Amino acid sequence: MTLKHSFKTALSGLRTNRSRSALTILGIVIGITAIMLVLSLGAGAQNLILEQVQGMGSKTVVVIPGRQPSGPSDFANVFLDSLKERDLNSLQSTLNVPDAKDVMPVVFGTARTAYRNETYQVTVLGGGNKKQDGVMEELFDVHPERGTFFTVADVQSKASLAVIGDKVREHLFGDTDPVGKKIRIKGNMFTVVGSLGRKGQVSFFNFDDMVLVPYTTAGAYLLGRKYFDRIIVSADSEEHIATVVSDIETVIRANHGITNPEKDDFFVETQADLAERLKTITTALTLFLSGVAGISLFVGGVGIMNIMLVSVTERTREIGLRKAVGATNKDILTQFLLEAVILTLFGGAIGIVFGSSLSFIVSLAIQRFALMTWSFSFPYIGALLGLLVSAAVGLVFGLYPARRASRLNPIDALRHE
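Residues 1 to 417, numbered by the UniProt record's numbering, are exactly what the sequence shown covers, in order.
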């Protein structure tokens, strides 16, 4: 019997028992749908995270207090107050870091902001520079839609001035122009000098829910700190990023009296490093979730084997009749194996369609209701892998029932009731 004839015979057998065939592939459909959904949404999340991280620019270097964690035990070995004014002044010197274009300290924390009877929980971000205007706008690419930004003089004098994000403006002022109005933050009155347009996420900062103030003001009056949460350095070119990182490490180690790099109480991270680390994390998480979803494929495979065994029992007389008219053990084995593979491939194809459709719908919902720039991603490799895995499941779990069918004695099979 030719393979073509075996294929037609297998299709005929599946059509005869359509309800059973549909139930048989249900586990495969669910498994492939789950895997496609996880892979697609995982790729969308990865793209979103990488876009946000890279929003500060590829030439940005961030100095972070504390020892860089390499395992769970390292989180206890932190020095959150290790970056001080002395470190900032040293990094701002062109003699120490000649390839640095901009250097800005950052402090941040949450606070309740109020205007008249309206209140709103915000993130206070302190930034700016004592030597140069426009550093904060340049590094974060944020510009007031109304009003202006605070200046070098405002940073030096610890002025109580604020630039508010779009959601803060909307909650506190509605359609009223906020510029010139006074808001209260932790009992301190601040004059609003500027209002940002809708900006969204830049790196890990959502500027729509933020109030920007001079870092000197934030440290002295709002957060009560004499240290920095971050020091952000912008290299003058991408070619000098490695040099800037080396200079930063040399300067701060000298300030802190550190001779052994393993004793560092700070670490330096470039946008490329952060993007790569986050990409690794999201990829590992996606693979883990795909593995969990893949368990349903195993369950579906067991279901296929059970249904095929039932099918062999019910079709015993058919098998005996086919053997009586000349079908060999190989023909019977091929027919039942093809039935299993066709079922799983069909289930895999349906799962790919369902999974992709659900992913597309979820992506649209995230864009519309969460207001994120979430992009739909069709995982071509996942689709191909899904078909291959489906076929493999059919072969593996269909082999035993097929062999059992092929070994039936034709005389006993014809006598079966």
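I should point out that these hints are in silico values taken from the structure, not numbers from a laboratory. Computed from a predicted structure; not experimentally measured. A hint or two may mislead.
As a list, the in silico PhoX-like pairs of lysine-lysine whose alpha-carbon atoms are at most 20 Å apart [stated by the list, open to error]: (1) Lys84 with Lys181; (2) Lys226 with Lys130; (3) Lys279 with Lys263; (4) Lys101 with Lys131; (5) Lys199 with Lys186; (6) Lys131 with Lys84; (7) Lys84 with Lys158.
Quick list of the computed label-pair ranges, beta carbon to beta carbon [claimed, not checked]: (8) Ser357 with Gln156: 55 to 61 Å; (9) Gln156 with Lys186: 28 to 34 Å; (10) Lys131 with Asp81: 33 to 39 Å.
Every residue, glycine too, gets a C-beta built ideally from N, C-alpha and C.
Structure-based check of each hint:
1. Lys84 with Lys181: violated (33 Å)
2. Lys226 with Lys130: The hint holds at about 16 Å.
3. Lys279 with Lys263: Violated. Lys279 to Lys263 sits at ~28 Å, over the 20 Å cutoff.
4. Lys101 with Lys131: Roughly 12 Å separates the two Cα atoms, so the pair holds.
5. Lys199 with Lys186: Distance of about 25 Å is beyond 20 Å: violated.
6. Lys131 with Lys84: holds (17 Å)
7. Lys84 with Lys158: Given pair Lys84, Lys158 holds - Cα atoms ~17 Å apart, limit 20 Å.
8. Ser357 with Gln156: 55 to 61 Å: Given about 58 Å between the Cβ atoms, the range holds.
9. Gln156 with Lys186: 28 to 34 Å: violated (22 Å)
10. Lys131 with Asp81: 33 to 39 Å: Between Lys131 and Asp81, where Cβ atoms are some 24 Å apart, the hint is violated.
Of the numbered hints given earlier, the model fails hints 1, 3, 5, 9, 10; all others are met.
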